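Participant: The primary structure of each chain is shown beneath.
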Amino acid sequence: MDLLQLLISGLANGCVYGLIGLGFVLIYKATESVNFAQGDMMMLGAFITLGLTNQSYVGLPFWLAVILAIVIMGILGYLLEVVFIRPMFGQSQIAVVILTIAIGFVARFVAGLIWGHEPQSLENPFVGKDVGFGGLVLGLDEVVIIGTTLALTGGLYLFFAYTRIGLAMQAASQNQLAAYYMGIPVKRIHSLVWALAGALAAIAGVLFASKGAIDPSTGLLGIKAFAAAIIGGFGSLPGALLGGLVVGLIEPLSSRYVAAGVSQIMPYLMLLLVLILRPHGLLSQVKAKKV
Amino acid sequence: MGEPLLKIDNLESYYGPIMAIRGVSLEVNEGQIVTVLGANGAGKTTLMKTICGVMDPEKGTVKLNGQEIQGQDPDFSVRHGIVQVPEGREIFPLMSVEDNLRMGAFTRKDRSNIAADIEMVYGYFPILKERAQQDAGTLSGGQQQMLAIGRGLMAKPKIMLLDEPSLGLSPLLTKEIFAIVKRLNKEQKVTMLVVEQNAKIALDTAHYGYVMELGRIVMGGPAEKLRESKDIQEFYLGQRSEGERAQRRWKNRKTWR
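Going line by line, the protein sequences match chains A and B. If you count the first sequence from 1, you need to add 84 to reach this note's numbering. If you count the second sequence from 1, you need to add 4 to reach this note's numbering.
Bound conformation, chain A alone (with noise of 0.2 Å):
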């Protein structure tokens, strides 16, 4: 039993890192640069919310705060892509790299500006409270984050595989300049993806914060995500949400089996190891160009 609830707040860490790594992949499939920042929008994301519904701040309703913090990330994601990115379009991948690791240093400062560098929890219904499930007991936390990323999942597979623009989305990452022939606007389509990008990281910010308390550099998470996610295989999305549950399982088995300082590493451990063994991580899309 003690097992299998180690188990299920692992998954439930997991899920965080992998919606974290979605946005990551996202991102890198639609436009080929890694947006480093994606770890501090999750931070923003959490952030906003809890500014909108703790009682020291603004204390509107839970469900209203997040729906609210969604949509702005949502438009701050199309934003910082049409004002930052968009201009170095053509530029060299480091260049807007390291454009977007400055953005997560600004969005850092920002958030400690606001909310001050104090760790802080977000006032939420599910903290505290248990279901049980047969003779299990589990957090309704990690349920609904469990829940929650689920339901994701299964509705990012539809928009893409059945939605106009989400066929879009995938077309422009298969072949830019095909997409640019066929019509498809593909600045456009480069917008909304980061639009999705900071939506999904203003859901993985308000999961992870319901877990426990937040400060400006919780984004630091990100790394671990994104280490996850080149796990899984950096530019499959099933691969990001797995790497990330491999991740979110392997860290408290090992602190438990091993040694407590062990899970720190063993993300990174693991990276090493499937770097070496499977270079194109554990769910790689291959394709060969015919001529």
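It should be emphasised that the hints constitute simulated quantities derived from the structure, not laboratory data. Note that this is a predicted model, so its numbers are computed, not measured. Hints should not be assumed to be uniformly reliable.
Straight-line distance between alpha carbons at most 27 Å, and here's what the computed DSS-like set of lysine-lysine pairs gives [as the list claims (entries may be wrong)]:
hint	chain 1	residue 1	chain 2	residue 2
1	B	K67	A	K271
2	A	K271	B	K162
3	B	K113	A	K271
Here the structure of chain A is known, so what remains is to put chain B in place on it, guided by the hints.
Facilitator: Okay, now just chain B, sitting in the frame of chain A:
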């Protein structure tokens, strides 16, 4: 005949400092198949890219039905009836054949007719129907070319720009593709501008032809006239003139330079 469907005047395009097309003018009348012949590096692909808006010209105009469209983004030109079937197919490899076709119809407003048009494309390319749910990247080169043409058709273009449809295909497949191009022109009333290196098949299919060299149009005329031209025969149709051996040395190779 009135205004040509596509009229290009004095078009100049650059890659950075390099002038890739140097004042090209040509006309395509509605219902015609027009071909642009030329060797590698003549500027044919650049011309196509400039027409459909992937590249912006430095000078000159592109008029579609009398309306200037140069310098617009490709989604504008696709919406106004110019679609390009790019060189090297450029399909979406990880999407199904059917989704590839659907992407061709991205700019269309009449969504309800799309299913019927997919069937129309399958009518011309039955093999695509067999492979409808397969990832496009798993198709053979010839099937990918068919898919690229079918995808272009899905945009309901007035004029289709075909860039080297024979690239990497066997002579037999090339013939098949050009036969379909001819049928599409007749039956679906799609005007075609075809860029080709394979001069023989292009001139056999087209009504009118231009010859491009080093960024300029050096010759133009009805296809049957071009077929008979001595220079075309020598440069593009592979017939050697009967001259002395010395005449075939590279120094004496004829060009329009």
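Participant: Compare the distance between the alpha carbons of K67 of chain B and K271 of chain A with 27 Å, and conclude whether the hinted pair is satisfied.
Facilitator: holds (25 Å)
Participant: Does K113 of chain B pair with K271 of chain A here, judged by a C-alpha cut-off of 27 Å?
Facilitator: Holds, at about 20 Å.
Participant: Does K271 of chain A pair with K162 of chain B here, judged by a C-alpha cut-off of 27 Å?
Facilitator: Roughly 25 Å separates the two Cα atoms, so the pair holds.
Checked against the numbered hints given earlier, this structure breaks none of them.
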